[in-house]
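Take a look at the letters that make up each chain.
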Amino acid sequence: MKHGLVMDNIRKWVPFLVLLVLVLFFAAVNPHFLSLRNFARIAVSSSPALMVAVGATFVILMGSIDLSMEGTVAVCAVVFAMLLNRLGGSLAHMGWLAIPGAMIAGGVLGAVNGLIHVRLRIPSFMASLSMGFVGVGLSLLMTGGNRILIGDPLFRSLLTVRIMSFPLMAYAALGGLLVAWFIQGRTTIGRNFYAIGGGEDLARASGLNVGRVRVIGFVLAGVFFALGAVLAVARLGIAETETGTGFMFLSITSVVVGGTALAGGSGGVWNTLVGVLIVNVIGNGMVVVGLPDYLQDGVLGLLVITAVYLSMDRRGLSFAR
Amino acid sequence: MFELRNVEKRYPGVHVLKGVDLAIAPGEIIGLVGENGAGKSTLMKIIYGAVQPDAGSVLIDGAPVHFRSPRDAMKMGIGMVYQEQSLIPNLSVMENIFLGFEQQFVHLGVIQWRRMAQAARVQLRKVKLDIDPGMITSRLTFAQRQLVELAKVLALEERVEGHLVILLDEPTSVLSKDEIDLLFGLVRELRRRASFIFVSHRLDEIIALSDRIYVLKDGIVVDVLAAKDARVETIQKKMVGRDIALEYYRENRQVPFDAGRVLLELDHVVLPGRRHEVSLTLHAGEVLALVGVEGAGREGILRAIFGLKAPERGTIRIRGEAMRTFSASNSVAHGVGYIPRERKIEGIASGMNVYENMTLSQMGRYSRGGVLDIPAERALARDWIKRLSIKVPSEESDCGNLSGGNQQKVVLAKWRSGGSDIILLDHPTRGLDIGAKEDVYDMVRDMSADGVGVILVADTLEEAIGLSHTIAVIKDGEIRTWFNCQPGAKPSLYDLIHHMV
Amino acid sequence: MTDRVALAERLRRHFPWITLTTLTILVGFTDVNFLRPDNLLNLAADIVPLLIMAIGMTLVIYIGSIDLSSQSIANMATVLATIALPSAGVGAGVLVLAVGLAFGAVSGVVTTRLKVPSFISTLAVGGIALSVGQFASGQQALHMDAGQRLHAFGWMVGRTAGIPHELVVALLLVVVAWFIQGRMTAGRTFKAIGAGEPVAVSSGIRVERYKILAFALSGMFAAAAGLVFSVKLSGGSPTLAEGFLLPAIVAVLVGGTPLTGGVGGVINTVIGTMIVAVIRASMLYLNIPAMGQQIFFGLVLIVAIATTIDRSKMRIVK
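Protein chains in written order, with the UniProt record's numbering: chain A, 1 to 321; chain B, 1 to 501; chain C, 1 to 318.
In case anyone wonders, no lab produced these hints; they're calculated from the structure. Please note that the accuracy of each hint is not assured.
Within a straight-line C-alpha distance of at most 27 Å, the following computed DSS-like cross-link-like pairs (lysine-lysine) qualify [unchecked claim]:
hint, chain 1, residue 1, chain 2, residue 2
1, B, Lys309, C, Lys115
2, C, Lys115, A, Lys12
3, C, Lys115, B, Lys344
4, B, Lys490, B, Lys475
5, B, Lys386, B, Lys344
6, B, Lys45, B, Lys18
7, B, Lys228, B, Lys177
8, B, Lys391, B, Lys237
9, B, Lys45, B, Lys344
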């Protein structure tokens with residue numbers, strides 16, 4: 001029994017150890033990797049990804065999956081940019097309303113996604129995938145395929161202003177993470193995600209309104225996708241349909257690499273932070289050590305397999321799907 | 001105070017409950033017994049709100065109530081302690097106790113863990129369980145979880161006015177003797193706070209604990225007895241509606257086994273996580289029962305023989321050949337067949353039809369170059385449907401839709417048709433009604449007559465005693481003693497229990 | 001009552017093709033030209049690579065897993081086929097199929113032996129395939145020599161009696177997959193794994209081997225899809241088959257093979273692929289503006305899935 005507990009505690013830290021080993025490895029190959037400037041670079045690439053992955057974490061904790069992020073991020077980015085430009089073009093005046101505006105857009109898309117999944121009883125994989133198509137299409141319709149440039153210096157300060165060498169957006173993402181942590185640990189809805197992931201019929205038998213919790217989970221995911229979208233726009237200064245591209249597989253991979261099980265019920269947002277950092281450290285490290293870019297997809301794949309293999313709790317798991 | 005009047009329930013094609021009346025007084029403990037299919041579980045579901053009756057009324061203190069969900073019932077003080085444990089393993093104990101009722105601890109949207117823990121401690125004290133409410137539920141023992149479930153139901157006390165009615169569905173099936181005593185003591189003490197409806201297939205326990213016993217048969221309450229004058233035999237007779245054949249376990253068909261032919265031998269085998277060596281020998285035609293309390297290590301031995309678990313030391317020999325690799329496929333290739341306890345998970349593939357299920361373990365024999373000979377498969381299935389009189393529309397029917405007894409027959413046919421002659425039966429009659437049980441007993445005798453060796457982990461001790469030639473009593477992973485079980489010279493329940501605990 | 005349930009149950013199995021016919025007729029109403037045989041044939045020929053990939057994908061989804069490497073393997077196949085054509089001729093095709101088989105097998109090994117969920121393992125193996133494709137191609141589009149292409153794979157293109165040859169190739173592959181699924185021990189085992197893996201294990205089946213086989217076959221079919229595509233377009237590039245993955249998964253699911261596996265199968269996927277093709281083509285006939293096509297596709301997809309999938313056995317919808 002004791003032994004089991006010790007093993008449990010070690011296993012909890014495995015993703016973090018993997019991250020540490022990766023950092024040490026890349027630092028050993030190229031000392032420049034260890035510079036603050038480079039860490040800031042990793043922080044910039046991780047911040048939007050973290051928000052999107054945190055959103056996905058809530059859904060995965062319930063044992064469902066959300067693949068709508070590429071569409072949702074695109075729509076939210078475009079909504080944000082359009083509102084900002086329409087409301088005077090600067091956060092300093094009415095423009096700040098664009099941020100809650102984008103979050104509402106994300107929440108609405110999430111709600112539609114969740115309702116389709118729960119009400120029509122379509123597996124979340126399919127419902128959210130379809131909603132992803134709808135989202136991408138919607139953003140295309142809104143932009144007409146054009147890019148929307150954001151010039152507001154105040155908004156861009158998320159990227160340009162640095163405190164202790166890290167850009168503001170890193171702190172913003174950290175703030176988002178803390179909010180997510182709070183939701184996960186200290187609110188009824190957060191704990192209900194775990195309950196559903198741990199045993200849906202049991203949760204239902206205890207009188208939990210599972211459908212409602214699920215929909216709320218998707219809404220929450222949509223809101224975090226919106227935050228990711230805002231940070232992604234801050235990073236590039238552009239909002240377009242393409243803003244969402246690439247988030248889907250990377251965010252799910254990050255969640256799993258961080259140690260949150262796709263089956264639901266275990267893991268959480270701190271795991272996702274570690275997972276996002278692992279994926280981004282690998283991405284950044286490969287560039288820093290000068291790996292030819294055509295090899296990077298393959299090496300990322302190999303490292304992800306290794307990381308998941310090391311961090312997964314395989315006891316009681318007789319087979320993987 | 002709680003009453004059902006003339007409750008009716010129909011499902012497509014079945015009239016499950018035909019006007020059931022039931023009444024519970026405050027502080028009373030009621031026993032509810034009946035065969036599988038008698039309507040017991042539907043009746044319970046109506047009581048705790050999972051199912052709505054088609055007709056009749058549910059009354060609390062004389063006033064009619066309607067439950068649309070278990071939650072409605074909970075609000076009126078009716079709670080269920082589930083047979084399949086209903087705690088969510090990845091949550092803490094306190095979260096499980098207050099699942100769905102967290103709102104009382106939420107202040108400005110924040111859960112106050114300290115307050116929840118305090119409240120949980122109050123509930124845990126009621127069941128005399130001294131554990132940290134923040135502990136993750138999966139780390140508790142079975143018995144502890146059962147008590148937490150009880151505490152969860154008792155937590156209703158503070159939320160509802162009036163008395164509680166608590167359903168206990170087979171609460172003792174996974175508990176040891178000591179734990180059962182503890183539970184019963186607790187229930188008796190809690191009568192001040194609640195009434196209980198106690199469902200169990202262990203009639204002696206029902207008689208020991210309850211005040212009155214409702215006997216349900218074919219959707220009708222056939223009798224209500226006072227527990228103090230009730231006897232196991234009379235209840236059994238009422239449940240079945242006829243005298244159970246003296247030869248219930250087909251002891252008249254038990255013939256001595258062939259001591260000259262050894263099929264299986266465990267030679268000083270040590271299983272992972274166990275300290276003791278296990279040695280046993282199975283002969284052709286022998287039924288060898290492993291008895292012991294839950295967790296004594298019976299399943300481990302079965303799983304080792306079936307290759308799902310490799311022994312740390314010692315040798316397993318099948319027909320004299322020592323096993324080197326341990327996998328289910330290796331054991332199957334050596335003629336071992338396994339009838340698992342979890343029929344719906346490991347026994348039957350629902351969604352696949354009868355012939356597909358039957359040939360699953362022997363596709364090599366029904367194919368050439370990887371191409372299946374489907375007509376031969378069908379012929380096999382038709383043959384065995386006839387031989388075991390499996391009730392099924394055709395060999396193409398989905399096995400998921402068959403009754404438990406017929407599913408069990410399909411699993412048995414799978415192994416027997418493949419020529420397996422070492423059959424491991426893990427709770428083969430679990431969840432079957434008496435008729436289907438008798439079929440299984442007949443099949444065991446048939447197998448013996450064909451020279452098949454059977455290792456049995458039985459549902460009840462009576463079953464083990466009735467069916468077997470030899471009994472090995474297991475405690476803490478060790479074979480404590482052996483009993484010879486020839487008809488007429490069978491050991492008594494007391495003999496066995498004496499060595500089990 | 002029970003009769004009605006049984007009827008609904010029986011009808012349910014036919015929902016995918018009923019949906020397909022309904023959709024086809026609906027589009028036919030707006031423009032009768034859509035229903036002309038040569039138009040339908042062209043429509044079918046156009047989706048051949050997608051169909052082949054979806055067929056392979058079916059085998060993996062049938063065992064309750066998923067294969068996200070198909071598109072990358074197809075991409076790699078277009079590159080390798082183009083590179084190998086001058087030296088190997090028809091052998092280039094064999095080579096490509098073997099490579100696809102190997103990559104699929106790696107996914108299978110990682111999933112079964114290392115117990116990494118297939119969602120991640122196949123994604124990662126897809127990354128490796130992408131790298132191989134990029135490395136081999138030097139990250140640019142390659143072209144086949146017209147003569148060599150005609151010599152080695154001429155039989156794949158062209159028509160006989162108005163029927164496009166690639167359609168015949170695709171149908172042959174469908175028949176092969178259907179035979180594996182319905183008539184061979186491998187297919188039966190796949191079904192058992194999807195219906196209930198523990199049952200397959202406790203029936204003494206070497207489940208891991210069969211799972212690896214399913215992934216390997218999926219990889220091979222993905223490579224075949226890439227091969228057909230590269231012959232069709234007379235070239236290869238590491239991004240040629242971009243945008244195939246999600247439609248292939250969608251085709252399988254719309255056809256009625258659920259992600260949990262065990263039911264549905266190859267024929268369902270043929271119908272599912274055609275549903276996807278009709279939805280896409282319908283946008284042209286319904287004059288859906290280019291900007292709105294994605295939305296239309298997503299919405300029709302939800303409707304199509306809502307009508308085709310069988311929820312009767314789903315207690316919990318995740």
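Now for the hints, and whether the structure bears them out:
no.	hint	verdict
1	Lys309/B - Lys115/C	18 Å, holds
2	Lys115/C - Lys12/A	18 Å, holds
3	Lys115/C - Lys344/B	24 Å, holds
4	Lys490/B - Lys475/B	20 Å, holds
5	Lys386/B - Lys344/B	23 Å, holds
6	Lys45/B - Lys18/B	15 Å, holds
7	Lys228/B - Lys177/B	22 Å, holds
8	Lys391/B - Lys237/B	26 Å, holds
9	Lys45/B - Lys344/B	22 Å, holds
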